[in-house]
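Engineer: Those protein sequences? They're chains A and B, same order as listed.
Position 145 (the first sequence) corresponds to 144 in numbering that gives the first Met the number 0; numbering is contiguous.
Position 370 (the second sequence) corresponds to 369 in numbering that gives the first Met the number 0; numbering is contiguous.
Keep in mind that the hints were calculated from the coordinates and are not lab data.
Note that CB positions come from ideal geometry on N, CA and C, so glycine has one too.
You may find that some hints are simply not true.
[Said to hold, decoys possible] Think about it this way: if two alpha-carbon atoms lie no more than 20 Å apart in a straight line, the pair counts; the simulated SDA-like pairs of lysine to any residue are:
no., chain 1, residue 1, chain 2, residue 2
1, B, 270, B, 171
2, A, 110, B, 3
3, B, 139, A, 154
[Unchecked claim] Quick list of simulated restraints, FRET-style, between CB atoms:
no., chain 1, residue 1, chain 2, residue 2, range
4, A, 94, B, 38, 41 to 51 Å
5, B, 49, A, 126, 27 to 37 Å
6, B, 72, A, 123, 48 to 58 Å
7, B, 73, A, 153, 55 to 65 Å
8, B, 140, A, 153, 19 to 29 Å
9, B, 276, A, 74, 49 to 59 Å
10, A, 31, B, 171, 51 to 61 Å
11, A, 31, B, 133, 17 to 27 Å
12, B, 203, A, 99, 53 to 63 Å
13, B, 101, A, 94, 19 to 29 Å
[Stated by the list, open to error] Now the stretches of chain A that chain B is said to cover, found in silico as 3 or more residues with beta-carbon under 8 Å:
no., segment
14, 41 to 52
15, 154 to 165
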Amino acid sequence: MKKILALFTTLALAASSFAVEIGKPAPDFTGTDINGKTVKLSDYKGKIVVIESYNSDCPFCHNHYATGAMQELQRDLAAKGVVWLLVDSVNTKNFSYRTPEQARKESADLKIAANAWIDDHSGEIGHLYDMKTTPHCFVIAADGTLVYDGAIDDRPSPSGDPRTAKNYVRAAVDELLAGKPVTVSETKPYGCGVHYAN
Amino acid sequence: MRRIVVFISICLGLAALTARATHTHVQLLLSADTAKPGDTIWAGLDMKMDAGWHTYWKNPGDSGIATTIKWDLPPGVTAGEIQWPLPEKLPPAEVTTYGYENEVMLLVPLTLATNLPPGPLVLKADVAWLECQEQCVPGKTNVEATLNVGGETKNSADEEANELWKQKVPITRDVKYQAWWESTTNGDSRPLIIGGPSQEADKNLKYDSIDFFPGASDLFEIESKTEVIDLHSATLALRKIVKRFSGDWPKEISGVLVCQLGNSSIGYELKLPVSDQPPTDAITAVASATPAPSTQPSPSFWQMLLYAFIGGLILNLMPCVLPVIALKILGFVSEANSEPRRVRKLGLIYALGVLVSFLTLAAVVVGVKAAGHHAGWGMQFGSPVFIVCLTTLVTLVALNLFGVFEVTLGGRALDTAGELASKHGAAGAFFNGVLATILATPCTAPFLGAALGFAFAQSAPVIVLIFLTVGLGLASPYVVLSWNPAWLKFLPKPGAWMEKFKIAMGFPMLATVVWLFNVAASSYGKNVLWLGIFLVVVALAAWIFGEFFQRGRKHKTVAAIITLILLSGGYVFALEKQLDWRAPFVETGSTDSLKESADGIDWQRWSPEAVATARAAGKPVLVDFTADWCLTCQVNKKTSIEIPSVREKLKAMNAVTLLGDYTHFPDAITTELNRYSRAGVPLILVYPKNPDAQPIVLPEVLTPGMVLNALDQASN
């Protein structure tokens, strides 16, 4: 009995070591965006990539977009050659699910300046990165290493202007571009829970 | 143009979001209408959520936001920290949160300065929360309440609700747990072990399942998954994964140890330093803080079943069971020579009778347990009516064995009539099994005691399983004999000795009658005399029935009528009128001393308060839980407690001796027995001189050596 327990524990711990870890290569994934195009993380090797877990019905996400702060950040970083990927892991049965057509409309209405909005309704990419909340952000360096995993900023609030907060994503990208080590590499992400399929 | 449309729709969306925040109704309920300056009252922020919606705990978990209260208080009033009632762990597993469904009242202590002038005060607060169902909506509202400053603090109508919710706030108690890192790591996740005494070792803990809800931190996160590791049955360990965000690994963790029992949970606030090394020996580290109770270690489930089976086997030898079994032997011996197949069948039916009775007992125990009353083994004996019936029945069986009259139950005569005989046989065999069970119950053998103690703490299916195993033990010798009739050759051949054996078996039955009579005496007092008279009348009726009705040739009807008259007359006169058997007078004598003889031990009546008083005075305590109907208890008393060496030792130690009388199953004692995982008496405890030490639990069957050793240990 004890042996089985020990074996199981080792496997469990080993399995957990395959989850995303700061300083390790960010796991590759393949997804389909709302325009039907196949998107692979490895497509963007050599570029800094920001991944954002998205759900505009969540008041926290909503506030970032409603105030225009998120779009501004996306544009600023795009100008620096950073790739921004939205991952929408909401399952199809949930109130917040967007069909590709609805998503396209929303993307246009909100003026989302991301490279792709990946429809991850199966939750595969979300689970791979252990995405807990919306927004939950990841920054991947040009060589594919994960350098940031956590909250978008230090202000978990569904109202007010996020521009006044310390933005961890912007800080990480700026440090990467300056060749400096990323000082804040992990924080607790805030927001609403990701609505995975059961 | 499009921009304006987009802008407007975003604004409308925002507005819609805030307008929809009506799934939580928030109000401020104070514990007092008037308060004296200098006093502290409680402000209860009552949050009622619509069905399916929840709000969050101080540590919301993987997502969500904790409710915040921003006070706007007049000068002289200060608010303390929010006291959070124990939350629930909310699914799903991949995004686990801690929060409240339906309703929660967050409690905040408000202290009034001593120099506040009398008059009304308006207390205001801005409350912000996140309410989530399928989607999340932020909530915000202002609440206010008026408090009068006056000469006396007067409770408000909401004080009761306040108190109820205060009970749900986790308490800081001395629960001896420790935390240590299980291993090092190069990454940002590290396993942590929280370990401490299990409910086996700490009698103040009781749970069906245990969990740990961590407090919130910016620097690290303790993940929601809890793995329960069984280090040793006396210790319990929980594994939690800690994720570090920045800085060093935490040196201290705080959170709530959640003990879930049935439908309710209790939380204990823990603040534990985290050591890099596990305690040198997880068990001794825990045991050194709480001296190990010197009792047999809690055996595993299979060991328990084994004990249950052996206990059942031993029950066959109990004086209350043996004579009935002896009748069974007679049946075998006579039948084995005639029809082996029938013997086998009867053996199985006997086993069935036993198992069905045990199943019924198990069902009753489960039912009583479910009804919230603790079940005590031997509980059938609690009813005086039952005792009278059983006494009468056993008297009749004794008379039957003496040959006064014949009955097809048990001592059946050789009956070669085919079908009828076998039918009778089957019924007889079945009821033999049932009777064996009924008679066995108060004779809680040592093995049985441990097994049942274990069983009563378990879930319904386990209880049923344990009971059935005891039944198997009880029935197995006969099933074995019935299937291997060859082994019957080891049994003596039928002969004239059988009749003598049968009569001889009547005497243990008589002894049982006397014992039961004594038990009845505690319910009926002096009036038990009438029970004796009733039994004599029954004996007379039995003789008339046997001599003139069964064996007689003429006047059979007359005999039958006289028998009935005797029985009914005896019943009406002796039982109903004189004895009032269904509503016995129960002794309420509260003589403080329960001394048995002039130089016997000076027993005081047991109560938890008596134990506490004695311990506070630094005196060792000997507690004996016993009952009049408990044979093992009487044997223990005679051989190992009321003996000169023990009496002297108790005097020398200046020990307090407390007697817990379980004859009528008082609830307080049932609770105490359950705490030590015992289903019934005997239970003998020795509390050492040192008031912090755990009591020494003595085994069920005592020897003088055991008692003297325990007393020695206690006086050190």
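Engineer: Could you run down the list of hints and mark each one as holding or not?
Structural biologist: The hints, checked one at a time:
1. B/270 with B/171: Holds: residue 270 of chain B and residue 171 of chain B sit about 9 Å apart, inside 20 Å.
2. A/110 with B/3: Roughly 13 Å separates the two Cα atoms, so the pair holds.
3. B/139 with A/154: Holds. Residue 139 of chain B to residue 154 of chain A sits at ~17 Å (cutoff 20 Å).
4. A/94 with B/38: 41 to 51 Å: holds (48 Å)
5. B/49 with A/126: 27 to 37 Å: Holds - the Cβ-Cβ distance for residue 49 of chain B and residue 126 of chain A, about 30 Å, lies within 27 to 37 Å.
6. B/72 with A/123: 48 to 58 Å: For residue 123 of chain A against residue 72 of chain B, whose Cβ atoms are near 51 Å apart, the range 48 to 58 Å holds.
7. B/73 with A/153: 55 to 65 Å: Between residue 73 of chain B and residue 153 of chain A, where Cβ atoms are some 33 Å apart, the hint is violated.
8. B/140 with A/153: 19 to 29 Å: holds (26 Å)
9. B/276 with A/74: 49 to 59 Å: holds (52 Å)
10. A/31 with B/171: 51 to 61 Å: holds (53 Å)
11. A/31 with B/133: 17 to 27 Å: Given range 17 to 27 Å: holds, Cβ gap about 24 Å.
12. B/203 with A/99: 53 to 63 Å: holds (59 Å)
13. B/101 with A/94: 19 to 29 Å: The hint (19 to 29 Å, Cβ to Cβ) holds, given that residue 101 of chain B and residue 94 of chain A are roughly 22 Å apart.
14. 41 to 52: violated (count 0)
15. 154 to 165: holds (count 3)
Of the hints listed earlier, those the structure fails to meet are numbers 7, 14, in rising order.
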